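Asks: The chain contents come next:
Protein chains: 2
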Amino acid sequence: MNVEFINPFLQSLLNVVSTMASMQLTPGKPRLKTDNLAKGDVSGLIGMVGPQTKGSMSITFDQSLALQIMQNMLGENPGKINDEVTDMVGEITNMVTGGAKNLLAEKGYDFEMATPVVVAGVGHRISHKADGTKMIMPFTSPYGTAYIEICFEN
Amino acid sequence: MNVEFINPFLQSLLNVVSTMASMQLTPGKPRLKTDNLAKGDVSGLIGMVGPQTKGSMSITFDQSLALQIMQNMLGENPGKINDEVTDMVGEITNMVTGGAKNLLAEKGYDFEMATPVVVAGVGHRISHKADGTKMIMPFTSPYGTAYIEICFEN
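Residue numbers (UniProt numbering), protein chains in the order written: chain A, 1 to 154; chain B, 1 to 154.
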């Protein structure tokens with residue numbers, strides 16, 4: 001996986017959460033994912049297909065952070081992960097990937113996005129199965145942690 | 001979503017599990033998904049992008065069924081969902097989608113597959129967020145239940 005692929009997703013998540021939820025996430029250090037340490041309660045996943053490569057991206061949230069983003073965006077906090085929360089996570093996944101797609105297109109990398117899928121379940125783990133390097137980026141906040149994971153085929 | 005899109009995935013899952021694991025799943029009745037009833041312990045997800053449409057597909061297994069497929073395919077049962085089981089679920093997801101892709105290409109529907117992602121977590125739920133009809137197909141076996149869910153954008 002080309003390292004140039006990473007920063008647009010990181011930047012795009014910061015932008016989306018800042019714009020939509022008036023919340024500043026603190027990005028941690030991107031690293032190669034060699035284990036299954038990223039756990040969360042609600043995840044948005046999306047597939048990407050381009051002429052040069054294909055891959056997948058996920059954003060995984062702690063329940064507490066997802067609910068706080070919901071509170072900030074819509075002024076309501078359902079107290080649990082319901083359909084409105086998964087809709088919001090799907091929408092964030094779409095917006096983050098769309099933002100990264102635009103940034104990457106400027107660098108000559110094109111891909112088409114599939115449609116997002118959202119997983120809800122306490123403490124689930126995500127494994128990207130593309131045959132390429134997996135990158136994981138943690139984001140922290142007072143409300144909990146989020147992780148972006150990306151994998152593109154070589 | 002065109003109803004012609006469904007049967008190739010159903011047929012392909014039956015073929016893959018029969019060929020790879022010598023196991024006959026019993027297909028239930030495909031139905032529109034209007035709730036979040038499908039729950040499972042390990043799921044393979046994949047995005048699809050084509051000139052006519054885009055969408056996503058998931059296959060969700062009970063842990064007991066996934067472990068029995070592992071036992072039949074590889075002669076070993078790790079007793080829990082580990083990396084080898086998620087690799088197997090990712091591989092099944094790829095093979096089922098590849099089989100369906102070939103069947104659909106014969107009907108003039110083309111799409112490219114993204115790479116699979118596997119989710120592990122007890123009792124998780126999947127929501128496909130494409131803006132189209134969602135179909136769900138249950139499969140039963142003496143070892144547990146599996147579900148295919150598909151959504152293509154209109």
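Calculated from the structure, these hints are not laboratory results. Please note: incorrect hints may appear among the correct ones.
Heads up, the list lumps identical chains together, so a pair's fine if it works in one copy or across two of them.
Stated by the list, open to error - Below 16 Å or equal to it, Euclidean Cα-Cα: the simulated EDC-like pairs (lysine to aspartate or glutamate) are:
1. Lys107 - Asp83
2. Lys134 - Asp87
3. Lys33 - Glu153
4. Lys107 - Glu84
5. Lys101 - Glu84
6. Lys33 - Asp83
7. Lys39 - Asp83
8. Lys80 - Glu112
Remember, it's a predicted structure, so these values are computed and weren't measured experimentally.
Asks: Hint compliance check: list the failing hint numbers for this structure, sorted ascending.
Replies: Violated hints (numbers, rising): 1, 4, 5, 8; every other hint is consistent with the structure.
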